[in-house]
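Heads up: the sequence lines are chains E and F, in that order.
The opening residue of the first sequence carries number 2 in our numbering; numbering runs sequentially from there.
The opening residue of the second sequence carries number 3 in our numbering; numbering runs sequentially from there.
Careful, some of the hints might be misleading.
[Stated by the list, open to error] Restricting the straight-line Cα-Cα distance to at most 20 Å, the calculated cross-link-like pairs of lysine to any residue (SDA-like) are:
id	chain 1	residue 1	chain 2	residue 2
1	F	K74	F	A21
2	F	K74	F	A57
3	F	K74	E	R193
4	F	K264	E	R132
5	F	K74	E	D96
6	F	K95	F	L303
7	F	K264	E	N97
8	F	K74	F	E20
9	F	K264	F	R327
10	F	K74	E	R132
11	F	K264	E	R229
12	F	K95	F	K264
13	F	K74	E	S5
14	F	K95	E	T102
15	F	K74	E	G90
16	F	K306	E	A213
17	F	K264	E	G90
None of these hints come from the bench; they were simulated from the model.
For clarity, every value in this text was computed on a predicted model and none was experimentally measured.
Next come the chains, spelled out residue by residue.
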Amino acid sequence: MLDSIVAAETPEGIMLELHPAGLSARFCAFLIDWLIRLAVLYAAAFVAGLLGGIGIAFWLVLLFVLEWFYPVAFELGRGGATPGKRAMGLKVVMDNGLPVTPGASMTRNLLRVADFLPLGYGFAVISMLIRADGKRLGDIAAATLVVHQRRPAAKATLDMVTPLAPVHPLPARDQGAVIALAARAPTLTMERLNELAAIAAPIQGTEPRPEAEVTRRVLGVAQWLLGRRP
Amino acid sequence: MTPLHFEQLYEAEWTELEAQVRLILTGRSRQSNGVEPIRGDRVAALYRRACEHLALARARGYPRYMLDRLEKITGDAHQVIYQRREFGVHRLKRAVLYDFPRAVRSHAAYVWLSTALFMIPACVVGWLVYQNPDLILSVVDAGQAAEFEEMYSESDRSIGAVRDADSDWAMFGFYIEHNTSISFQCFASGIFFGVGSMFFLVMNGVFGGAIAGYLTERGLGETFWSFVVTHAAFELTAIVLSGAAGMRLGHALVSPGRHTRKQSLVLAARESMVIIYGVAVMLLIAAAIEAFWSSARWLPLPLKYSVAAGCWIAVLSYLTLQGRRAD
Numbered sequence: 002m003l004d005s006i007v008a009a010e011t012p013e014g015i016m017l018e019l020h021p022a023g024l025s026a027r028f029c030a031f032l033i034d035w036l037i038r039l040a041v042l043y044a045a046a047f048v049a050g051l052l053g054g055i056g057i058a059f060w061l062v063l064l065f066v067l068e069w070f071y072p073v074a075f076e077l078g079r080g081g082a083t084p085g086k087r088a089m090g091l092k093v094v095m096d097n098g099l100p101v102t103p104g105a106s107m108t109r110n111l112l113r114v115a116d117f118l119p120l121g122y123g124f125a126v127i128s129m130l131i132r133a134d135g136k137r138l139g140d141i142a143a144a145t146l147v148v149h150q151r152r153p154a155a156k157a158t159l160d161m162v163t164p165l166a167p168v169h170p171l172p173a174r175d176q177g178a179v180i181a182l183a184a185r186a187p188t189l190t191m192e193r194l195n196e197l198a199a200i201a202a203p204i205q206g207t208e209p210r211p212e213a214e215v216t217r218r219v220l221g222v223a224q225w226l227l228g229r230r231p
Numbered sequence: 003m004t005p006l007h008f009e010q011l012y013e014a015e016w017t018e019l020e021a022q023v024r025l026i027l028t029g030r031s032r033q034s035n036g037v038e039p040i041r042g043d044r045v046a047a048l049y050r051r052a053c054e055h056l057a058l059a060r061a062r063g064y065p066r067y068m069l070d071r072l073e074k075i076t077g078d079a080h081q082v083i084y085q086r087r088e089f090g091v092h093r094l095k096r097a098v099l100y101d102f103p104r105a106v107r108s109h110a111a112y113v114w115l116s117t118a119l120f121m122i123p124a125c126v127v128g129w130l131v132y133q134n135p136d137l138i139l140s141v142v143d144a145g146q147a148a149e150f151e152e153m154y155s156e157s158d159r160s161i162g163a164v165r166d167a168d169s170d171w172a173m174f175g176f177y178i179e180h181n182t183s184i185s186f187q188c189f190a191s192g193i194f195f196g197v198g199s200m201f202f203l204v205m206n207g208v209f210g211g212a213i214a215g216y217l218t219e220r221g222l223g224e225t226f227w228s229f230v231v232t233h234a235a236f237e238l239t240a241i242v243l244s245g246a247a248g249m250r251l252g253h254a255l256v257s258p259g260r261h262t263r264k265q266s267l268v269l270a271a272r273e274s275m276v277i278i279y280g281v282a283v284m285l286l287i288a289a290a291i292e293a294f295w296s297s298a299r300w301l302p303l304p305l306k307y308s309v310a311a312g313c314w315i316a317v318l319s320y321l322t323l324q325g326r327r328a329d
């Protein structure tokens, strides 16, 4: 496998695909969270300044809580992600795809100290870069993963193409490939689409036809395979 | 069967499952303004059906958008159905009465090693500095040494001087932030094969010992010891315990036994987390004592020392005796 998908098997025997997040997405999420914390601490410092000793105590406790428990509180919430992670479309889950447990969330966030060493999250960066699943040390010990929440692919429509029966029956694998090509058609340039459709040309007949016609007929076969009939 | 036929056939079930899962996630379990109520049995049945549909759709190479949709539905339902709830008063009570002291005892070897790594440097350096106060300069610089001396002296700026409630609170905040960070550092750095925990234990031991030896030699022993001895019962124990938990992590990596190193680390982290929860509570108690009790110089010394002895006995007997009987 070339991509970094992690498959988690459920008791029902299906594979859930998890898409681990890489360094750049997680760095942006961290930066957003860091700025939020900084803003909260600045705002609190103004209030604390007015209150004197109790204000300072409140501020120091706030500093402590934000430092250690800000991620824990959000990860255990419904979204399973801090505001920064949510903004980047990331989420923390267990290795098996389940929501992160309190113990695991505490572990991964306490071990931030180790990830931070030798300076500026050095070990975390090294670990994320050399591991296919992008875990930092805290994630390894806690058995957690930071994953992309995927947006579902757009529904293939292409209603304007007339469905066309393939000239011979196609195995399931080829059917899938042709349908996938039709789904991708709107995102491809005309030239590239023609090139790709030419590979699948035998399914729409062997007599020579202009390029655009072949493409139109291949897309028609895709419509047929999806279940549309003329 | 064509993909579109398949979709038409089961579309209603998928939509129903999506709606139910959304209802569970938004936390509206009661029927309100015409929304259908959550039915657990129906969710489970629909989930299993959706899993079958996903497997079929994958095997037949159905279009990506349909696989994506089924993956999302089954993924969300899977999270809802299999999630674990670990909160609650009952669980907290269990942790205090049984889990924490038992976890400490089951890591006895690490706790003893951690104690030694902290206490031996503390005693040795403390004694050396007591014999030869100039040695303090190899641990802290002259400015810091003078600062410590002033803190425990009879002057107004000393730590024991009568201060107002406000600064008590401020110190409480400071102690929580400072001590917990030291303690968590001792734990987390254990992931580097235990070396990090050992380093921080020895370092904190040397530092504490040097200060204690220096101040005692300077004749400030009474102020110093009466200040630290009570909260030390919680604070030093907590630091030693987090060092022990950190070394457990490191040892799991060095000697994983029949597990892979990764599995072994995950198991060790899970077990040692119980200790860290306890440590966090102990540090909270320590900070409260340090800020509001230890600093009160007007209290008579015999009272302070007997409370300190009480604290030490309580902490040690809690860790050694509590939860021995079957629950």
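task = Against the earlier hints, flag every one the structure doesn't satisfy and list their numbers going up.
result = Numbers 3, 6, 9, 10, 11, 12, 16 and 17 - these are the hints that the structure violates, sorted from lowest upward.
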